[in-house]
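Number of protein chains: 2
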Amino acid sequence: MIGGKKLIGTFNDLLNYASELKGRRIALAFANNRETLLAVIHAKKRFSAEFILTGDNDFILNELKELGENLSSIEIIHCPEPTLATRTAIEYASNNKADVLLKGGIDTSTLMKLVFDEKYNFRKGNLLSDVFIFEYPERAENKLVMITDGGLILNPSLNQKIEIINNAVAVAHALGNLNPKVAILSSSEFVNPKLQSSVDAEIIAGMNRNGEISGCCIDGPLALDSAMIPESAREKKINSPVAGNAEILIAPNIETANALAKSTTYFAHYRLAHVIIGAKVPILITSRADKSDAKLLSIALGIIMSETRKRLTKK
Amino acid sequence: MIGGKKLIGTFNDLLNYASELKGRRIALAFANNRETLLAVIHAKKRFSAEFILTGDNDFILNELKELGENLSSIEIIHCPEPTLATRTAIEYASNNKADVLLKGGIDTSTLMKLVFDEKYNFRKGNLLSDVFIFEYPERAENKLVMITDGGLILNPSLNQKIEIINNAVAVAHALGNLNPKVAILSSSEFVNPKLQSSVDAEIIAGMNRNGEISGCCIDGPLALDSAMIPESAREKKINSPVAGNAEILIAPNIETANALAKSTTYFAHYRLAHVIIGAKVPILITSRADKSDAKLLSIALGIIMSETRKRLTKK
Numbered sequence: 003m004i005g006g007k008k009l010i011g012t013f014n015d016l017l018n019y020a021s022e023l024k025g026r027r028i029a030l031a032f033a034n035n036r037e038t039l040l041a042v043i044h045a046k047k048r049f050s051a052e053f054i055l056t057g058d059n060d061f062i063l064n065e066l067k068e069l070g071e072n073l074s075s076i077e078i079i080h081c082p083e084p085t086l087a088t089r090t091a092i093e094y095a096s097n098n099k100a101d102v103l104l105k106g107g108i109d110t111s112t113l114m115k116l117v118f119d120e121k122y123n124f125r126k127g128n129l130l131s132d133v134f135i136f137e138y139p140e141r142a143e144n145k146l147v148m149i150t151d152g153g154l155i156l157n158p159s160l161n162q163k164i165e166i167i168n169n170a171v172a173v174a175h176a177l178g179n180l181n182p183k184v185a186i187l188s189s190s191e192f193v194n195p196k197l198q199s200s201v202d203a204e205i206i207a208g209m210n211r212n213g214e215i216s217g218c219c220i221d222g223p224l225a226l227d228s229a230m231i232p233e234s235a236r237e238k239k240i241n242s243p244v245a246g247n248a249e250i251l252i253a254p255n256i257e258t259a260n261a262l263a264k265s266t267t268y269f270a271h272y273r274l275a276h277v278i279i280g281a282k283v284p285i286l287i288t289s290r291a292d293k294s295d296a297k298l299l300s301i302a303l304g305i306i307m308s309e310t311r312k313r314l315t316k317k
Numbered sequence: 003m004i005g006g007k008k009l010i011g012t013f014n015d016l017l018n019y020a021s022e023l024k025g026r027r028i029a030l031a032f033a034n035n036r037e038t039l040l041a042v043i044h045a046k047k048r049f050s051a052e053f054i055l056t057g058d059n060d061f062i063l064n065e066l067k068e069l070g071e072n073l074s075s076i077e078i079i080h081c082p083e084p085t086l087a088t089r090t091a092i093e094y095a096s097n098n099k100a101d102v103l104l105k106g107g108i109d110t111s112t113l114m115k116l117v118f119d120e121k122y123n124f125r126k127g128n129l130l131s132d133v134f135i136f137e138y139p140e141r142a143e144n145k146l147v148m149i150t151d152g153g154l155i156l157n158p159s160l161n162q163k164i165e166i167i168n169n170a171v172a173v174a175h176a177l178g179n180l181n182p183k184v185a186i187l188s189s190s191e192f193v194n195p196k197l198q199s200s201v202d203a204e205i206i207a208g209m210n211r212n213g214e215i216s217g218c219c220i221d222g223p224l225a226l227d228s229a230m231i232p233e234s235a236r237e238k239k240i241n242s243p244v245a246g247n248a249e250i251l252i253a254p255n256i257e258t259a260n261a262l263a264k265s266t267t268y269f270a271h272y273r274l275a276h277v278i279i280g281a282k283v284p285i286l287i288t289s290r291a292d293k294s295d296a297k298l299l300s301i302a303l304g305i306i307m308s309e310t311r312k313r314l315t316k317k
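Those protein sequence lines, which keep their order, are chains L and E. Quick note, this note's numbering runs 2 ahead of the 1-based positions in the first sequence. Quick note, this note's numbering runs 2 ahead of the 1-based positions in the second sequence.
Be a bit skeptical, because a hint or two may be false.
Put simply, identical chains are the same to the list, so a pair is met inside one copy or across any two.
Stated by the list, open to error - Here are the simulated lysine-lysine pairs, BS3-like style, with alpha carbons at most 25 Å apart:
#1 Lys238 with Lys115
#2 Lys126 with Lys196
#3 Lys47 with Lys196
#4 Lys238 with Lys8
#5 Lys24 with Lys196
#6 Lys196 with Lys115
#7 Lys8 with Lys126
Hints were generated in silico from the structure; no laboratory data involved.
Model the full assembly from the supplied sequences, consistent with the hints where possible.
Spelled out as structure tokens, the structure:
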């Protein structure tokens, strides 16, 4: 339960909940890009969010006009140079003048370099990680399953894995899942001293049992099938609340998370949303390959995650 | 073309080709297991292979009788003790008295320990790797795509990755694909000195351009979408015959291959077959979780790979 809300267990729940939240401000880093402006227009129809667009004023106005869009709830800050536009958007997010940072027509590496620029204190010393969510149609209760981190942390150390877990657990909590089932993935269920991912998994699961990692229920090492498929967990005789029912999949490395997430999208055709968390506000790195559904869902996720910060700030 | 055969581009082609091959002998390591005996019965209906079953004679006879099976093309070697039965099956395979080694009611780690036992000279000093094949329905021409290695090599070095590639390429050649498109997977298309998988991919692609790795066409680093999805390859402006059309996916590590392969099975519900190659004969480690279709396809793959050895031996 979040503020009287029930579990957000599907992407439709996610859209509905995000559309109930009022007064969220989304800063768009370099809006000189028709595709991103289309996403803004779609999001405006669905949510009550306000958009702060940085970029070339004339270009943006012209594009919006061509797309038949009025300018209600849209503020344009004229900075035609991409890097300056991005810096401006980050400053807004860092200074509490925006609740979500959305990437526009700038490449991800440039945006992230600026996000990590210490002068904005936007990172607050935290680890930033990408949380990918897919909707798993074959599950009854909570269909939203997370995969992390497939975008930012190249060779996660044990400590970084724990921060990756905490970031994902924060997303689960924001979605009303207060004790998410976390699977630490490896290639099998056995601890092999020669396979670091299996050793780390064992340590992390132990730290969870000892209460050193809390707010979730962790099991590992688990292979994908024993984490996600109840029959596999049963056949392998793994007795844990997580096995077969995992809601967060912690990948052993960036390549596994990236390939697994892309496999759910391109092979299984599951719907998806993703968000980078750990910074002062959620960051949305929608890519050109993302369909409009994925962009809308990611914006909804960003709005909801910003709500979490609101509530935390009020405390 | 193999011996006048065209490309084996689907699993039905695979079944048909395997059923044309005569006189293959399959040694079953410890047949005291109803599930494996069922697979044998299915395979006997489809292929003309002969089976050499090691295990408890009375148990096996009784099970086969209960399953309504006659004993044509079945030889039973009485060794009721599982390890001894497995050793006997390996000896048959090692001494050219069997063309395929099939795991029965013994666990994989026990079998593999014996496979690696130098006294059988079964490994011949080669690297053994698991080649997983899925049938990708969204592709027109060759629908069979390989993922490797998700089962045996924990932390593949550059040299081991090259051996993994050569093993997979040998399977492609046996399936009539004489110049397979090989993608070296990483989490993106960029070489990052801090991410070994991307560095290795660049080196391997270079070695292929220089002719040091031959019999295939290699590109990398590629993320899964740029390897498999033509639209992604086009959007990312990657110009190579491999991008968007990969037929062999070389994973950066065992966890990525394992999760990706399981995702094609359990999320996308693609058909699958897999075989361990590198030893004197192909080894089939069908697991309890494999459906009967996967078992039959894997046996077909084993029969075809043994045919390759036959042809090589004749030279």
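Quiz item: Looking back at the hints listed earlier, which ones does the structure fail to meet?
Solution: 3, 4, 5, 7
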